[in-house]
Amino acid sequence: MVSRLVDDRSRAAIAASIERRRVDTRGLLFKVVLQSCLLVTLALLAVLLVTVALDSTDQLGTRLWDFLQGTLRSRSSDESLGIHQGMYGSLWIAVIVAVLAFPIGIGAAVYLEEYAPRNRLTAFIEVNIRNLAGVPSVVYGLLGLALLLNGQIFGLDRLTGGSSALSGGITLAILVLPIVIITSGEAFRAVPMELREGAYGVGATRWEMIRTQVLPYAAPGILTGTLLSMARAVGEAAPLILVGAVTGRLGENPGLFDIGALDDRFTALPIVITSWTVQSGRDDGFTAAAAAAIVVLLVFVLMMNSAAILLRNRFEKKRG
Amino acid sequence: MSMTDEAPRVIDRMAATAGEASPEQAMPAPAAERDVVFQSRDVNVYYGSFRAVRDVTFTVPKNEIMALIGPSGCGKSTVLRCYNRMNDLIKDARVTGAITYRGTDLYDERVDPVEVRRRIGMVFQKPNPFPKSIFDNVAYGPRVAGRKKDLDDIVENSLRKAALWDEVSDRLKDSALGLSGGQQQRLCIARAIAVGPDVLLMDEPCSALDPIATARIEDLMQEIKQDYTIMIVTHNMQQAARVSDTTAFFTADVRSENDTRTGILVEVDTTQKIFSNPSDERTENYVTGRFG
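Order-wise, the sequence lines are chains A and B. Position 203, counted from 1, in the first sequence is what my numbering calls 203; the numbers after and before it change by one each time, with no gaps. Position 120, counted from 1, in the second sequence is what my numbering calls 120; the numbers after and before it change by one each time, with no gaps.
Honestly, the hints are just simulated from the structure, not real lab data. Treat the hints with care, since some could be wrong.
What the hints assert, rightly or not - Partial selection, computed: residues in chain B whose CB lies under 8 Å from chain A:
#: 1; residue: Y140
#: 2; residue: G141
#: 3; residue: K161
#: 4; residue: W165
#: 5; residue: I224
#: 6; residue: Y228
Said to hold, decoys possible - Below, computed lysine-lysine pairings styled on DSSO-like, alpha-carbon distance capped at 27 Å:
#: 7; chain 1: B; residue 1: K126; chain 2: B; residue 2: K225
#: 8; chain 1: A; residue 1: K318; chain 2: B; residue 2: K225
#: 9; chain 1: B; residue 1: K173; chain 2: A; residue 2: K317
Note that the structure is a prediction, hence the values are computed from the model and not measured. Where a beta carbon is used, it is the ideal one built from N, C-alpha and C, also for glycine.
Put together the whole structure using the sequences plus the hints.
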């Protein structure tokens, strides 16, 4: 039954005014533009992955195990051609970055966020850390060269053995340090004030509050940031060139977990990829080898990112 | 950085340690005759150069519930947070004047704020359980105090006192975040009690709760007041009237020329007197609903 206040005519008018009248062309257009942005990105990525995967089949499809076990060679047809040395370098660079950059970066972030007074000096320091995160990686390579190879400071070259996986790892650890500090700092800032107050309210000291509330709550965020920065370190080539990564004439293959070779001459996956791509001009077979090395590097990075996601989900479940 | 490092403070230590009110600030008779837990005198709280609270002086008697009421922005919570040095955590916050706890100046430089907070517990506006198990929440305080033995007993007793034991005894290992809002707030009370405090400060503990959960917290306050002295900040005048023995009414002194609000204490008296026959007109306007 229709109320007397709304007669049939005005009801029709109201219905007409709220009914959909026309197609929203602008809205549709906007949506299509956004979709095509996404499509372009996905298409580029797909082309990259597909070409690399297709190119790599010559090596990975026919002699996967030999390729993973092999060494740097001057001819692509050499049956002992492979990337074992590159994997060794990249694996240990990742480990050194984790061991050096994570504790130092997280520690610095804890100090900056939780202890340091908020004043002009700390604001200045923070801005500069952010700037450092944007400094081109080749500049860090120069730092590594001066610090770890030329022995201009502290004679560190004797410790690292000059051009070595250790030097490369330390250089890349310095490279990602600002990123680790920034992402950890952001994770600390996201810890709710209520949790901090709750801990202080029952008589926790600052250290206890940080250990029992801030660090566990921030763990997923720290983890994501640090592992992503590790993935970045593993993909860097320029700084490694400056600290003397080589593209041949390496000695015996060290075992993957043989830390005795850390201060020997070294190479890493991005270097191998670059070198083989350059050589593919004179020796076409290196195209397949480079593509195969790219696939190995991508799998390596993918594994790291998956580990980051798995660990983050576990920590997040823990914090509820 | 603790406030004692940097903040210049003016403390009238003679008056602070004397522990008795001066004639012009005489407290209502019943309070003055009992044991006094807190005595504040001319307390001012500054955030930077902004004065948030001006010249607050009153005493808190033992084993009573004192309510701090007043309109929003009148500094009730700020005042409450002076009593367990919680304002230390706010950068630029500065407290002048004197607050004594059982005769000792809380802001004396020899006083450790961590120890203060173990004796003077706090329950916050929003229930803030830690993202841990129910057991670990209650055991948190004793653990940071270095206690390792008898945690089971402490947790059970605290949960019983907070009237939560029957609801959670079979799921102590479950996450505290799975509890309802009212249960979470009682858990926070249990967590505060577990440290063995002398005083409980409650900062609008029921503002996020429904009426049933609120009633349970109010009943709980009545039950535990024989063991504790309680100060509660509340927006809810009925709540103050129901639960408290004494009431302090605050209001905001608004300076229109620079748009600042400074909290001032209008009057302190027995709750019955504040709500039936207050001495100040502003109190009367507020409790009768004509203002605020």
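Status of each hint after checking the structure:
{"no.": "1", "hint": "Y140", "result": "holds (6 Å)"}
{"no.": "2", "hint": "G141", "result": "holds (3 Å)"}
{"no.": "3", "hint": "K161", "result": "violated (15 Å)"}
{"no.": "4", "hint": "W165", "result": "violated (19 Å)"}
{"no.": "5", "hint": "I224", "result": "violated (16 Å)"}
{"no.": "6", "hint": "Y228", "result": "violated (14 Å)"}
{"no.": "7", "hint": "B/K126 / B/K225", "result": "holds (22 Å)"}
{"no.": "8", "hint": "A/K318 / B/K225", "result": "violated (36 Å)"}
{"no.": "9", "hint": "B/K173 / A/K317", "result": "holds (15 Å)"}
Hint violations for this structure: numbers 3, 4, 5, 6, 8, all remaining hints satisfied.
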